[in-house]
Amino acid sequence: MQLVLQNLVNGILSGGILALVALGFSLVYGIMNIINLAHGAFLMLGAYITWQLWSTFGLDPILAVPIAFVVLFAFGYGIQRGVINRVVRAPVLATFLLTFALSLLIETTALFVWTGDTRGVQTAYTGANFTLLGVTVPWAKLLTLVVALAITGILYLWLHRSRLGRAIRATSMDVGAAQMVGVRVAHVYGITYALGAGLAAAAGALLTLSYPLTPTMGDPFLIKGFVVCVLGGLGSVEGALVGGLVYGIVSSFATQFDVTIAGQHLSGTGLQDVLALVVLLVVLIVRPTGLVGRATA
Amino acid sequence: MVAVPKPRRGAITGKRWVFLVSLGLMAGLLFVPAGHSDYLNLTFRNILMYAAMSYGWNLIGGYTGYISFGNVAFFGIGAYCSAVLSKAGVDNLFADVGLALIVNALFAVAVGLPILRLRGHYFGIATLGVALGLTDLASNLDFLGGSGGASIKQIGEAHFTTYYYAMWAVTLACMIATFFIARSKLGYAFVAIRENEEAAQVLGISPTRYKVTAWAIGAMMGGAAGAVFGAANGFIDPPTAFAVDNNVFPIAMAILGGMGTASGPFIGALLLSGANELLQQHFLKLHALFFGGIIVLMILFLPRGLMYLVGLRGGMRRWLSDLAVFRV
Amino acid sequence: MLRIENVGMRFGGLWALKDVSFEVERGTILGLIGPNGSGKTTMMNVISGVYKPSEGEVQYAGRRIADVPTHDVCHLGIARTFQVVKPFANLTVRENVGVGAMYGRLGAKRSARDAFARTDELLEFVGLARVAGRPASDLTIPDRKRLEVAKALALDPEILLLDEVMAGLNASEVDEALHLLRTVNERGVTLIVVEHLMKAIMSISQRIVVLAEGKKIAEGLPQDVTSSPAVIEAYLGARYVKRQAAERERKAAAPPAEPPA
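So the protein sequences, as listed, match chains A, B and C.
Throughout, the working numbering is defined as the position within the first sequence, counted from one, plus 505.
Throughout, the working numbering is defined as the position within the second sequence, counted from one, plus 89.
Throughout, the working numbering is defined as the position within the third sequence, counted from one, plus 165.
Among the hints, erroneous ones may be present.
Said to hold, decoys possible - What the simulated footprint calls covered on chain A by chain B, stretch by stretch (three residues with Cβ under 8 angstroms from a Cβ of chain B suffice, anywhere in the stretch; the number is not a length):
#: 1; segment: 586-594
#: 2; segment: 609-622
#: 3; segment: 687-696
#: 4; segment: 723-735
#: 5; segment: 773-787
Said to hold, decoys possible - Label-pair ranges, simulated between beta-carbon atoms:
#: 6; chain 1: B; residue 1: Ala-413; chain 2: A; residue 2: Leu-662; range: 31 to 41 angstroms
#: 7; chain 1: C; residue 1: Asn-255; chain 2: B; residue 2: Gly-187; range: 32 to 42 angstroms
#: 8; chain 1: B; residue 1: Glu-286; chain 2: A; residue 2: Met-678; range: 20 to 30 angstroms
#: 9; chain 1: A; residue 1: Pro-596; chain 2: C; residue 2: Leu-179; range: 33 to 43 angstroms
#: 10; chain 1: A; residue 1: Leu-654; chain 2: B; residue 2: Ser-126; range: 56 to 66 angstroms
#: 11; chain 1: B; residue 1: Tyr-128; chain 2: A; residue 2: Leu-510; range: 56 to 66 angstroms
#: 12; chain 1: A; residue 1: Leu-568; chain 2: C; residue 2: Leu-179; range: 50 to 60 angstroms
Stated by the list, open to error - Subject to a maximum C-alpha distance of 35 angstroms in a straight line, what follows is the list of computed DSBU-like cross-link-like pairs (lysine-lysine):
#: 13; chain 1: C; residue 1: Lys-251; chain 2: B; residue 2: Lys-104
#: 14; chain 1: C; residue 1: Lys-183; chain 2: C; residue 2: Lys-364
#: 15; chain 1: C; residue 1: Lys-416; chain 2: C; residue 2: Lys-380
#: 16; chain 1: B; residue 1: Lys-104; chain 2: C; residue 2: Lys-274
#: 17; chain 1: C; residue 1: Lys-407; chain 2: C; residue 2: Lys-380
#: 18; chain 1: C; residue 1: Lys-380; chain 2: C; residue 2: Lys-364
For the record, the hints were derived by calculation from the structure and aren't laboratory data.
C-beta: ideal position from N, C-alpha, C; glycine also.
Can you make the complete structure from the sequences, with help from the hints?
What follows is the structure, given as structure tokens:
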């Protein structure tokens, strides 16, 4: 029972940040039909900005979250208006390759600026835990979860209440109709991509609390974000949240998996991503619109 | 009686002269080992390897219209086939390639039957999931060497030359197979599915059967390249076998050279992989920047590939107006 | 040959077809008519296996169509055209038809070369030989309709379902199309024709089935069907029929003002 509870808590803690990683990816995918392979690179940039602010000015990573968000928001807007918008209506392969090339450019540049050395951020609460009902909870992860959920909530409200948020949702449903009622699609696309990049950066900033930094640190998160947003259902905030939590909990329980077949030892710690991918494949085949099940794309 | 015009050539295999030029270039590549340079052999073997992988992707992505983001899985399986055989004491390239063909065909059918029911992006994501799952699985299987990787015994003295010829033969086989498949009934079934799956079905084509066929033949192509690579490299580990680059480069090559044509993958590989090797030689650290830049420029200015330029009538103005279609 | 038995087709809470039964004899031409939204295209989709009926069944040569996978329906000998044409836009006209000849009822016995030989005959027959090498996306509307027919014929059907192949054609093109269909029928192919053009369908059909609001309201010879009050009502509305009846009564009551010349 204790073990089940501990795994559940671990799953929720890592699921929250995964949801935030997936959120920006999902927005860009659901609204513009772009598989944004630069998402991991944006996350990495957010993490390095946070590290730079911490190592130069001693700024706490939590306080760096808004700064990383704003910087990458501006960067993302520029990329969408300057580059991606030029081919956004081409078959999806074009933007797929384009964002792959962008991530190659960003990661190589990061390698020059920050070198390939592994970096880390130390705070007063790094490594500190508290125990509740026999379940151990690291402060850093709890803080990450709280901030991630707060950002998700703010985004949800913004998308549903604000004028621009509604324009974005309208564009995702029908570009032509949105254009007709006066939505400036190029601008809306710019904002959407900017949001995606900003959210990735915020997630990257939060991840510095518990993950080491390298220029390629974003790649595994890109993949997880991809999986999470399909699990939950493309293009919806709720979907990213549900998908993130499911992914977190499944891979947390997967660590308990431990068997030996014909002398081959299979441990759950190594295979947790494989199991999560098996869940993804099953979900895709049984329910292609995702768990939340609102077909937007 | 009205004169019947000759049917338009090249909708299925690409322009005939381009294919003949490609064959000529392939013949020329036979002489690379005459340079007695391990470096040259390695460089051109890489180009040929990417071409073969690109042919594998082209059958399902270019001809059948199912965009796979996970074809590197087949390359990796092929490479591991060589490792497993080497461990069992069999060091023979024909055995390596043979095993890779069989294993990949079986694997592709087993995986293809469920996931080829998915359409569009969902199919792409599922294929990516398969490739990633295999990476993690290989890292956790002891008999494949786990994350430490496995070594493969090198054969003979002049191994660089042997492996070069082997890769050349694999690539030529892919090119010729694509040409003949495309002109056969099989090729028309693939293309009909790409153009309109429902309409193809009404004309008597079973989408499942032909999609799985295209996917499996492509898997065999990628697997053969992987088997030769594994043997030539002498070592294989999960990040090498299932490298992200090896997933994306072949797609870029097929687009540049011409998706759904019999020479596109070869030409694309020659140009892109050639550029990459050159850049790597001259700017070891910066080459990824240049390479990324080349792909960005290619997508921005040649999103329809190189053959579009060859067939372009109407010059610069037409080119720009064609590009503007994709803007918002 | 083809038996439609108590077919019902429901979409959500709406019955697009309800309890429709009729039979088609080998070698005949059956016209299927009805006002907009009466269920004609739905009927075509049920017969060709695109939809599985919610109730009842369609039997062809002793088999239930609903049990046959879509891609095998043409192998049974049933082919159809689509009201909204679906050519393979990047293939030539010849290749479009060729695919049908390769994978249709007799396709398994043909090589790609034989299939194209058969294709060339068909293109000549429907009058598309002059554009054989053009991409299908370049065709004019009448040529697209011809292509639809050629693709269906390439499947070597025993029974051919034609969904509005004459819509959008001018008078002389309609005559050509009618001639073409008669020739196809003379070669032994059974036809089911859905058409809006009354004149065309009356002249070509041996029997007519009339649908209205998803139900069969009449069946019979063309001239009998057109005089049926139920059919007139369905087409022109109940008020028109009542007014007509009132008119007749008035005329019967009051003697004509002047004798007819």
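Restraint status (C-alpha distance of C/Lys-183 to C/Lys-364 at most 35 angstroms): Given that 35 angstroms is the threshold and the Cα spacing comes to 27 angstroms, the pair holds.
C-beta pair B/Ala-413, A/Leu-662: status relative to the range 31 to 41 angstroms that was hinted: Between B/Ala-413 and A/Leu-662, where Cβ atoms are some 37 angstroms apart, the hint holds.
Stated coverage of the segment 773-787 of chain A by chain B [criterion: 3+ residues, CB within 8 angstroms]: Held - the segment 773-787 of chain A has 8 residues with a Cβ nearer than 8 angstroms to chain B, which meets the minimum of three.
Supplied distance hint 56 to 66 angstroms, evaluated on CB atoms of A/Leu-654 and B/Ser-126: 59 angstroms, holds
Given coverage of the segment 687-696 of chain A by chain B, checked by CB-CB distance under 8 angstroms (3 or more): The restraint on the segment 687-696 of chain A holds, since 3 of its residues have a Cβ under 8 angstroms from chain B and three suffice.
Coverage of the segment 586-594 of chain A by chain B, judged on three or more residues with CB within 8 angstroms: This one holds; 6 residues, not fewer than the three required, reach chain B with a Cβ under 8 angstroms.
Given pair status - C/Lys-274, B/Lys-104, alpha carbons within 35 angstroms: 29 angstroms, holds
A/Leu-568 versus C/Leu-179 beta-carbon gap, inside 50 to 60 angstroms or not: This hint holds: roughly 59 angstroms between Cβ atoms.
Hint consistency between C/Lys-416 and C/Lys-380 [alpha-carbon to alpha-carbon, up to 35 angstroms]: Holds - the C-alpha atoms of C/Lys-380 and C/Lys-416 are around 34 angstroms apart, at most 35 angstroms.
Whether the CB-CB distance between B/Glu-286 and A/Met-678 falls inside 20 to 30 angstroms: 25 angstroms, holds
Hinted pair C/Lys-407 and C/Lys-380, Cα distance within 35 angstroms: This hinted pair holds, its Cα atoms lying about 22 angstroms apart.
Outcome for the supplied range 32 to 42 angstroms, where the beta carbon pair is C/Asn-255 and B/Gly-187: Given about 36 angstroms between the Cβ atoms, the range holds.
In this structure, none of the earlier numbered hints is contradicted; all agree with it.
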